[in-house]
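Take a look at the letters that make up each chain.
Protein chains: 6
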Amino acid sequence: MESVFIGELTWQQYQARIAAGNAVVLLPVGALEQHGHHLPMNVDVLLPTAVCERVAQRTGALVAPAVHYGYKSQQKSGGGNHYPGTTSLDGVTVIRTVQDIIRELARHGVRRLAILNGHFENSMFVVEGIDLALRELHYAGVEGFRVMTLSYWDFAEDPEVIKKLYPDGFQGWNVEHGGVFETSLMLALYPHLVDMEQMEHHPPATFPPYDLFPVVPERTPRPGTLSSARGASRAKGELILEVCVNGIARALRDEFGAQH
Amino acid sequence: MESVFIGELTWQQYQARIAAGNAVVLLPVGALEQHGHHLPMNVDVLLPTAVCERVAQRTGALVAPAVHYGYKSQQKSGGGNHYPGTTSLDGVTVIRTVQDIIRELARHGVRRLAILNGHFENSMFVVEGIDLALRELHYAGVEGFRVMTLSYWDFAEDPEVIKKLYPDGFQGWNVEHGGVFETSLMLALYPHLVDMEQMEHHPPATFPPYDLFPVVPERTPRPGTLSSARGASRAKGELILEVCVNGIARALRDEFGAQH
Amino acid sequence: MESVFIGELTWQQYQARIAAGNAVVLLPVGALEQHGHHLPMNVDVLLPTAVCERVAQRTGALVAPAVHYGYKSQQKSGGGNHYPGTTSLDGVTVIRTVQDIIRELARHGVRRLAILNGHFENSMFVVEGIDLALRELHYAGVEGFRVMTLSYWDFAEDPEVIKKLYPDGFQGWNVEHGGVFETSLMLALYPHLVDMEQMEHHPPATFPPYDLFPVVPERTPRPGTLSSARGASRAKGELILEVCVNGIARALRDEFGAQH
Amino acid sequence: MESVFIGELTWQQYQARIAAGNAVVLLPVGALEQHGHHLPMNVDVLLPTAVCERVAQRTGALVAPAVHYGYKSQQKSGGGNHYPGTTSLDGVTVIRTVQDIIRELARHGVRRLAILNGHFENSMFVVEGIDLALRELHYAGVEGFRVMTLSYWDFAEDPEVIKKLYPDGFQGWNVEHGGVFETSLMLALYPHLVDMEQMEHHPPATFPPYDLFPVVPERTPRPGTLSSARGASRAKGELILEVCVNGIARALRDEFGAQH
Amino acid sequence: MESVFIGELTWQQYQARIAAGNAVVLLPVGALEQHGHHLPMNVDVLLPTAVCERVAQRTGALVAPAVHYGYKSQQKSGGGNHYPGTTSLDGVTVIRTVQDIIRELARHGVRRLAILNGHFENSMFVVEGIDLALRELHYAGVEGFRVMTLSYWDFAEDPEVIKKLYPDGFQGWNVEHGGVFETSLMLALYPHLVDMEQMEHHPPATFPPYDLFPVVPERTPRPGTLSSARGASRAKGELILEVCVNGIARALRDEFGAQH
Amino acid sequence: MESVFIGELTWQQYQARIAAGNAVVLLPVGALEQHGHHLPMNVDVLLPTAVCERVAQRTGALVAPAVHYGYKSQQKSGGGNHYPGTTSLDGVTVIRTVQDIIRELARHGVRRLAILNGHFENSMFVVEGIDLALRELHYAGVEGFRVMTLSYWDFAEDPEVIKKLYPDGFQGWNVEHGGVFETSLMLALYPHLVDMEQMEHHPPATFPPYDLFPVVPERTPRPGTLSSARGASRAKGELILEVCVNGIARALRDEFGAQH
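Chains as they are written, first to last, in this note's numbering: chain P, 1 to 260; chain V, 1 to 260; chain L, 1 to 260; chain S, 1 to 260; chain U, 1 to 260; chain W, 1 to 260.
In case anyone wonders, no lab produced these hints; they're calculated from the structure.
Note: identical chains are not told apart, hence a pair may lie in one copy or across any two.
Each computed DMTMM-like pair below joins lysine to aspartate or glutamate, with the alpha-carbon atoms no more than 25 Å apart: (1) Lys76 <-> Glu8; (2) Lys76 <-> Glu157; (3) Lys76 <-> Asp154; (4) Lys76 <-> Glu200; (5) Lys76 <-> Asp158; (6) Lys76 <-> Asp254; (7) Lys76 <-> Glu136; (8) Lys164 <-> Asp154; (9) Lys163 <-> Glu238; (10) Lys76 <-> Glu255; (11) Lys164 <-> Glu238.
Let the hints inform the model, and build the full structure from the sequences given.
Here you go:
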């Protein structure tokens with residue numbers, strides 16, 4: 001059976017899939033960013049790619065190569081861009097990367113794209129890349145190209161799921177950087193890349209109602225995570241995966257309809 | 001007594017204020033964006049400017065001319081950029097505007113800037129403008145320039161305040177576009193620009209856990225607001241103003257210290 | 001009666017005005033720039049905005065929010081960009097701001113725009129913004145968008161007017177920075193922002209037939225003005241206003257025809 | 001004897017000239033632009049290059065290769081950019097070209113540059129290129145780089161010269177596009193490229209006190225010139241050349257001092 | 001033992017490696033590009049990444065996440081950018097991506113980078129990204145950052161190796177797109193992604209001594225390869241790998257010295 | 001007889017040529033770059049311009065003004081960008097210059113352009129300029145614009161010609177910087193600009209199979225040439241010229257057909 005990854009197809013295989021009509025392409029967008037003492041720095045690429053793979057298997061969509069570098073880590077969502085290892089792009093580079101990829105997909109005949117973002121900070125630059133690309137497509141007389149953007153974690157918002165993941169209470173997505181959510185997913189998907197021995201427990205990060213630039217590094221919990229991964233488990237990861245893959249597959253069907 | 005608005009000072013008055021040391025400049029950043037049937041389109045400029053003015057009066061800070069155009073309205077936070085009247089800038093234009101203003105303030109000798117954002121969609125582009133400006137200042141050998149960014153509504157998060165504003169329950173900031181919060185502030189500050197007769201009541205907007213581009217216009221409540229302004233009042237506006245001005249003044253003191 | 005300022009309208013009011021056909025939008029473009037010891041730094045925004053307001057009242061046009069920051073002050077026209085307080089944008093930022101605003105107005109259905117420039121240095125960057133916007137509109141299949149650009153002072157060139165303003169002889173527009181012309185207008189419109197006590201008399205600036213970069217600061221008259229405001233008066237300001245408003249209203253009628 | 005043109009030197013010859021200290025480089029900046037029925041389209045390159053050559057011979061300066069393409073022709077100064085043959089650059093291309101050349105000259109050790117502009121519309125984009133380059137040089141720790149910009153015609157403003165050139169009265173530089181001034185210079189320098197038989201006499205162009213975009217082509221006199229070249233002569237061209245070369249040589253000496 | 005892939009390290013592991021001094025980072029730069037009927041479209045990412053991995057294992061270098069999208073395929077080197085599936089970036093996007101990554105690596109303390117290019121068309125844009133990054137680092141006062149760029153195939157130029165690979169004669173690197181070289185490497189490294197059954201034999205592509213835009217698609221051999229992969233073998237792939245890894249490891253040692 | 005140089009035509013002459021149909025424009029693209037001790041720095045402009053002139057005389061094509069500055073000299077093709085005198089543009093400046101010129105030619109009605117590159121390093125930036133311009137023309141609804149790019153030396157690849165030029169064996173184009181090829185052409189075309197007395201003989205440059213940034217200057221042969229010009233002669237230059245002009249004229253006929 002053919003791979004769901006575009007990169008693993010020949011151009012003829014890809015062409016056949018697009019020509020069959022109504023093809024949906026999934027684009028994972030991530031970052032190279034510190035995720036504390038116990039997680040590797042490619043979490044934001046690995047996780048949306050894994051979700052994309054499963055969604056594609058279920059729906060017949062195709063997965064484009066992930067964007068491996070993302071926008072600058074912000075203190076309140078990713079600890080800040082001052083950590084060694086975190087390797088970020090300027091905003092305009094993210095914008096143009098997204099814009100260029102869409103322009104090319106449209107040339108291939110694709111008209112349905114879902115961008116799965118694994119790194120919160122990318123969001124608005126992805127939006128701008130889409131807007132500029134759609135503007136260009138309009139100039140080119142290409143209408144009907146539709147893009148869905150999503151952060152996979154937004155599909156785990158069901159209160160029952162939240163309760164299972166956080167039996168002692170949910171702190172909010174704001175502090176979910178290297179915490180129970182991402183760590184559980186990594187345990188389910190890439191356990192050899194997680195070192196729970198190194199995981200450092202700490203209370204959830206708290207921040208004032210403003211941001212400072214340059215950041216005051218001491219305001220990020222020392223390991224770089226914003227909440228503790230204590231309580232993460234492989235089972236929780238599998239639950240998240242199931243919920244997110246189901247939800248995203250449904251969203252694609254609702255918005256983009258069936259594929260051939 | 002001298003104006004707090006830089007634009008109303010002569011260059012000598014301004015120079016004297018900067019030379020006195022530790023001057024703080026406040027920059028309101030807004031948008032021209034639809035705010036429903038009952039509010040004018042400059043709400044996102046008027047409100048942060050008014051907050052800046054009051055903070056400046058209390059703290060001795062100076063207020064730079066507002067940035068009157070902002071980034072594209074998003075459906076889940078501002079109704080979407082398809083409305084007539086909403087007049088938005090590309091991301092890179094917002095980025096460069098902020099970057100240029102900071103470069104110039106630094107040339108004047110300013111080292112403390114607080115950017116008060118009145119339009120949610122600006123946030124990440126403002127962040128990028130700051131980052132690029134600080135990078136440039138570093139090249140120029142200017143160190144020690146510090147920037148605070150804030151959205152004034154984040155200073156009204158005290159549960160007691162929220163309870164007074166939303167006695168029937170708070171729907172979250174997500175749907176606060178042209179709702180009780182902004183309308184109350186406008187009633188307190190610019191009542192002649194509010195037409196409560198035209199206000200259209202509707203349940204809070206609900207959206208799926210993803211975004212679509214182009215937006216599906218029908219998913220925005222028809223008037224363009226994301227929640228109803230029913231329940232807005234001048235008294236609530238005055239409460240918000242007091243709470244926000246107090247909080248921001250305190251934040252400036254905490255982070256930037258006393259001015260001379 | 002509805003405001004002439006777009007920012008003070010709801011989107012529905014604005015939409016109705018555009019839909020009525022042949023709507024003309026006026027865009028004041030200014031700067032934050034030193035204007036000597038006796039004038040505030042927002043002169044280049046206040047004056048074109050005031051002219052726009054009056055033209056709009058007479059013609060039924062609408063006034064968009066002013067662009068409050070402009071291109072770098074040049075020594076021979078604005079004293080130079082080395083003064084504290086003068087806060088200028090890079091050329092490309094001005095270009096893109098104008099381009100973005102036109103693109104959005106076109107989306108709203110506007111086809112007639114007049115840009116009233118209050119800051120000489122903006123001129124060519126405004127022109128480029130217009131050219132790029134019209135190019136884009138052509139790509140988008142939008143034809144028939146027409147833009148007028150003007151500097152309001154060019155409407156006061158009638159020799160009889162000049163004679164009344166400068167009974168001792170006119171030095172030319174080149175040295176009109178903070179001189180009789182702008183000061184008279186400010187006295188007529190915003191007298192509380194003028195401090196004639198601080199006005200420093202000096203002979204008109206003279207410059208060699210070339211420019212130097214970096215500027216030699218001493219070549220600008222010390223107060224920053226290029227000619228003396230001695231002789232400015234409220235009456236002259238009113239005369240200028242009348243002449244300019246009349247002339248611009250006529251130009252709009254001649255070029256853009258009647259509005260509905 | 002060595003050429004004054006940098007392009008005709010070996011790198012060693014060039015290096016020796018720079019190393020001798022205080023070298024001045026002259027950069028002609030022009031355009032490919034229609035100049036009526038009797039003049040070729042490279043007038044704006046040929047004339048400043050010829051002036052540069054003579055100034056260099058007199059002062060020991062060096063002449064860099066001309067920038068052969070310039071900013072878009074404007075109706076009131078060059079007839080408009082709608083003519084066939086007129087081949088113009090976007091503003092940012094002009095800006096970056098100037099910026100790049102200055103960066104490289106600075107690397108070579110040059111610290112004195114005079115930019116001779118032959119095409120009015122280039123002016124502000126050249127200014128911006130210089131400003132961005134000086135900003136960069138400051139980042140690089142290179143101080144003391146000085147740039148003079150000039151339009152050679154500004155050195156012919158002596159009333160006695162004007163009287164000789166325009167015995168029947170001077171219409172102003174505004175309409176000097178393909179008129180007596182440029183045609184006389186071409187007759188003195190490149191008579192084989194002038195075809196006075198084709199020259200079409202017409203009254204000076206008159207324009208309203210505003211600009212329209214797109215231009216109304218009929219408002220430019222049909223041949224594309226803004227005033228008539230009747231009255232142009234080789235002798236006048238030689239007078240202009242002498243006056244301009246003298247004036248520019250003196251300006252270089254005044255501002256940049258003697259070369260070694 | 002720790003991974004050689006930066007993405008699989010925690011920030012602390014990475015930091016320790018950089019702090020040990022003289023760390024070398026390897027950056028694979030590829031493309032998503034058709035490679036004929038028998039190879040997948042991610043060849044240009046897979047191959048340099050695999051070479052990097054082996055070089056890193058031998059030398060102690062670290063491998064950054066690959067850049068997965070590259071510059072537009074050219075007809076004479078990659079068949080042309082008109083194929084479905086080929087998904088390319090604009091030049092400036094490639095430039096900025098490289099520039100941003102270098103800026104960040106420098107912030108981490110890295111001073112030695114080798115960029116392994118797997119897609120010929122990237123070359124000059126990578127060069128420009130490096131040049132702009134080094135310019136910026138100079139502004140920031142960071143000196144001593146050194147970058148090596150290489151295409152791994154240039155290390156297989158030993159005539160004896162060439163003879164083993166191409167016993168019937170070498171056609172030159174120009175036509176090595178999806179031919180014996182890349183196919184052999186894929187057979188050695190990722191045999192499951194190669195389908196030799198689909199491989200279409202054809203004579204080497206021949207082109208005129210110029211390029212045309214838009215390309216004439218028929219001038220590319222139908223499968224998209226520029227020479228036939230007949231003759232490719234796993235053994236050849238292993239030979240290439242050994243030769244390239246040896247050569248690159250030696251080059252790193254020669255230029256960057258020993259690592260700690 | 002009319003000049004083949006567009007710059008020496010009036011706009012009417014140019015218009016008539018374009019209107020006649022099927023006009024071909026030739027654009028020489030060069031650089032200001034060191035070429036050793038015996039050649040001037042404008043070789044890369046002079047040579048393609050001379051080739052263009054002869055091709056135009058033979059085919060009826062027109063020659064646009066050359067682009068006089070080019071992309072940064074690379075060590076292996078031009079000695080490196082560290083030499084004094086070499087004056088290079090950033091990549092994006094080259095890209096935009098080409099893009100702007102094409103946009104304007106298309107406006108004039110031109111549909112056939114051949115870009116003759118005299119400076120190897122320009123190649124990919126010219127390609128990108130063309131691609132962006134064709135994309136824009138597509139937006140503007142202009143189809144059928146075709147561009148040929150070529151380096152004139154690629155037309156001298158006939159083994160018999162190579163044998164006559166290099167009787168002792170050809171080292172490859174890689175080291176042809178200021179060597180027999182360019183020097184012979186200069187001797188045939190501009191002998192007064194060649195100083196064979198200063199020519200420094202040296203063995204061909206050899207480089208490792210990678211590039212380093214910043215370059216190691218000592219790896220370029222001291223004079224800056226990459227191979228010796230010993231053996232250059234006027235006769236060889238005339239042979240090259242004949243072969244290249246013939247070949248290019250034939251290519252234009254083959255691809256663009258006859259002109260009227």
